[in-house]
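Number of protein chains: 2
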Amino acid sequence: MAELESYTERETRPQRELIEIDDELMQDIEELVRTRSNFLLLNILQDLYPADIAHILNRLEGDDLEFVFSLLSTETASEVLPELSDESRSFVLQHIAPADLAKMLDGMASDDAADIIGEMTDEAAEQILGTMDVRDSSHVEELLRYDESTAGGIMAKEVAVVDDRATLKNAIRVVRKFARDHRNIYNVYVVDENHLLVGTVALQDLLLYAPNKRIKSIMHDDVISVTTDVDQEEVAKIFQKYDIVSLPVTDTAGKLLGRITVDDIVDVLEEEHEEDVARMVGSDADELERRSPAQVAMLRLPWVLITLVVEMGAVFMVSRFDKTLSQVILLAAFMPIISALSGNTGLQSAAIIVRGLATGHVQLSRWWHPVIRQMQTTFIIGTICGTLLGIVGALWEGNPVFGFVVGFSMLISINISGLIGTVSPMVSKRLGFDPAITAGPFETAFQDVVGITIFLSIATALLRWL
Amino acid sequence: MAELESYTERETRPQRELIEIDDELMQDIEELVRTRSNFLLLNILQDLYPADIAHILNRLEGDDLEFVFSLLSTETASEVLPELSDESRSFVLQHIAPADLAKMLDGMASDDAADIIGEMTDEAAEQILGTMDVRDSSHVEELLRYDESTAGGIMAKEVAVVDDRATLKNAIRVVRKFARDHRNIYNVYVVDENHLLVGTVALQDLLLYAPNKRIKSIMHDDVISVTTDVDQEEVAKIFQKYDIVSLPVTDTAGKLLGRITVDDIVDVLEEEHEEDVARMVGSDADELERRSPAQVAMLRLPWVLITLVVEMGAVFMVSRFDKTLSQVILLAAFMPIISALSGNTGLQSAAIIVRGLATGHVQLSRWWHPVIRQMQTTFIIGTICGTLLGIVGALWEGNPVFGFVVGFSMLISINISGLIGTVSPMVSKRLGFDPAITAGPFETAFQDVVGITIFLSIATALLRWL
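Just so you know, the protein sequences line up as chains A and B, in that order. Just so we're aligned, residue 1 is where the first sequence starts under the numbering used here, counting upward by one. Just so we're aligned, residue 467 is where the second sequence starts under the numbering used here, counting upward by one.
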């Protein structure tokens with residue numbers, strides 16, 4: 001059987017061990033690092049998965065980090081480098097010989113290599129690209145041209161690709177060759193003579209049919225693909241919707257340029273998640289990565305200062321009602337509860353609409369649907385809170401009118417906050433801003449001003465009975 | 467070549483078309499639904515991906531939804547059903563003959579079938595399980611026994627598995643058989659005579675070596691796996707860390723029970739994300755799915771009422787300072803800005819710590835690290851905000867002491883809020899609660915009370931100079 005001879009009779013891959021890196025093991029490793037016990041350390045490290053080695057390195061600093069990284073083989077180092085934290089990686093990159101780094105980058109998937117070179121200064125990047133294998137460096141140079149939050153910015157250039165006149169046997173040969181350098185093959189892409197993407201074959205299908213069958217007869221010819229300029233969030237949605245593990249990327253003419261794999265999408269989802277949460281509290285997802293408190297303070301400060309400016313409006317409004325307040329000082333005591341509850345309700349509505357806009361549940365073309373729903377919801381919440389607060393207020397001051405003022409103000413301001421919270425993300429989106437911007441501190445501060453103004457206006461109108 | 471005869475020479479799968487479902491197409495479809503044009507509708511639907519058919523069905527209601535669903539073949543229906551929104555699915559399930567549903571469930575992956583049966587009443591579930599294929603229903607019954615947020619609850623029973631004495635040829639035969647009914651094969655699992663998981667082989671490796679090679683000689687024998695009771699968030703972390711697409715699930719003895727695929731993990735990440743965001747504003751991720759405003763109001767109300775109770779503390783505190791306020795009424799005007807900024811800073815710190823605890827950046831065993839960092843950060847923010855507000859206050863009232871009171875109160879309350887925001891998620895985690903609970907409305911309300919109390923106490927102490 002001639003077929004057999006073409007099998008790459010190489011050795012099997014090194015076996016790795018899955019070890020949980022607990023505090024005890026970490027202490028042992030730190031002791032070995034301190035005593036510079038090369039041999040014993042290598043013995044531990046060579047059996048670990050790259051992600052676990054990266055985890056250990058992330059807990060070391062300075063000379064220790066440099067020492068342990070230098071123990072790794074080029075192959076292992078090229079797998080560990082993309083897994084390091086930004087901080088550890090930037091330290092390692094500064095302490096590594098350019099020739100060694102070039103070798104590591106050659107062994108890396110093009111998307112990982114591009115991410116790493118993208119973090120370097122232009123000068124350092126140019127030097128490294130000049131030292132790298134020509135084919136690899138041209139891949140990286142191409143990837144660096146795309147915006148890093150688009151399909152082009154997250155794709156890898158390495159794809160298993162066959163001609164549309166190929167047989168299954170040809171395709172299997174391509175996979176074998178590809179598998180020598182790359183993990184994670186899920187599909188073979190089929191292109192025509194102009195390198196236009198015309199179909200895709202799942203790896204499992206290569207095992208299903210006779211080797212002499214034409215690839216064209218078994219391929220899926222309506223391929224789900226994206227162009228390089230599609231935003232990474234859109235790409236993630238396509239992965240979710242169609243439950244796929246890899247997605248080809250083409251230029252606008254349909255020429256195959258690369259592929260995105262699901263592991264990158266998992267990272268995209270995490271990144272977007274961190275951005276959302278950070279924005280809601282008025283910070284930046286980078287905060288997790290940065291070390292210096294001064295840098296973190298600078299990241300947060302813009303949001304805090306916006307809140308400060310908006311809240312100055314509340315100061316101004318309250319100061320205009322000084323006569324009302326000086327007559328019924330207990331009104332001041334109910335200000336915080338009214339602003340807190342209406343701020344909270346507004347934020348709830350805003351967060352739901354932001355999420356709905358992201359998932360497609362909320363559509364701008366039918367904007368009145370969510371508005372009606374949210375208004376009904378906040379009316380129920382407002383009525384319950386208003387009634388409760390009204391009873392408390394009436395009993396506290398011993399005056400039913402006082403109860404009515406706080407209760408009715410609560411109802412009105414919760415409803416207005418809900419309306420603003422519902423409409424403002426849609427307006428933001430319509431105007432081309434990120435809707436999430438409205439579900440943060442700005443929203444809360446604005447609701448504060450609105451809630452307090454409503455409360456004190458109603459109180460002033462009914463002042464003679466208070 | 468005898469080998470050739472064993473290929474399943476079946477027809478290729480039906481080709482599907484990727485069509486963007488825009489408003490125009492949707493209007494055409496709605497028109498065809500209204501006129502009950504079976505033939506034309508089927509013509510459109512049969513070329514679409516299940517996720518796109520589900521998207522169309524989600525936009526229909528009542529009889530229209532039932533009519534279009536009834537047009538689908540059992541095979542297509544079984545692919546569409548798991549993709550429907552909760553609301554559409556629950557409507558369809560109520561209007562479908564149990565015998566038809568049982569057939570659809572038989573054609574579904576066991577994890578999807580279990581999810582659907584899990585949503586039904588016990589009585590309906592029992593009836594359906596009795597009608598289903600015995601093997602499929604026993605799978606579903608097993609899956610229903612696991613908590614739905616654990617590895618057991620999200621795994622599927624269908625795995626491609628071979629004996630450890632098998633050759634590659636045997637394994638390829640297993641894959642062929644498996645591929646007849648299932649998509650998404652990434653690995654073949656290897657078990658010993660007691661069905662204990664001993665290794666895994668990537669699909670691509672089946673193409674690399676000679677068919678007569680023993681599976682044992684090429685398999686990875688240190689398999690990453692989880693037991694059924696591992697929380698789904700932990701499972702998602704393992705997928706992220708090791709960049710894998712499928713993960714075997716075993717019992718505590720190591721017996722292979724099923725596998726989890728990455729598409730389910732993408733859904734888990736989205737679910738956790740929605741939960742986090744919902745919790746931060748005081749709502750529930752279910753809110754997106756539920757239709758009735760009354761139901762949504764009930765989901766949000768517990769959070770709103772907690773805020774109300776905590777804020778009653780603020781009402782009480784302010785009322786105790788009525789003498790101070792009645793003497794310097796402008797103090798009331800600065801209450802909202804102090805509570806808003808300290809609430810915001812506390813929430814920022816809390817969100818960062820919650821995230822850090824989730825990612826492992828923050829470790830309870832080294833709790834002082836984040837505390838020191840956050841205190842430095844909030845000190846910088848507090849100093850800047852305090853100075854600005856102090857200047858504004860001094861100019862407004864024309865009294866430097868008034869400026870000192872608002873500025874100094876701002877500094878102190880931002881720092882205390884930052885400290886509470888940093889420590890409380892760690893305390894929650896230590897006590898076994900979800901740390902995210904502290905990064906929501908409760909936190910903000912609590913900060914309100916603290917901020918206002920500090921402010922009015924300082925003002926009272928310095929009252930004679932105001």
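None of these hints come from the bench; they were simulated from the model. Check the hints yourself; a few may be wrong.
As the list claims (entries may be wrong) - To give an idea of the interface, some chain B residues facing chain A are shown, with a C-beta separation under 8 Å as derived from the structure:
#, residue
1, 498
2, 645
3, 773
4, 792
5, 794
6, 814
7, 837
8, 839
Every residue gets a Cβ at the ideal spot worked out from N, C-alpha and C, and that includes glycine.
Which numbered hints fail: Violated hints: 1, 5, 7; rest satisfied.
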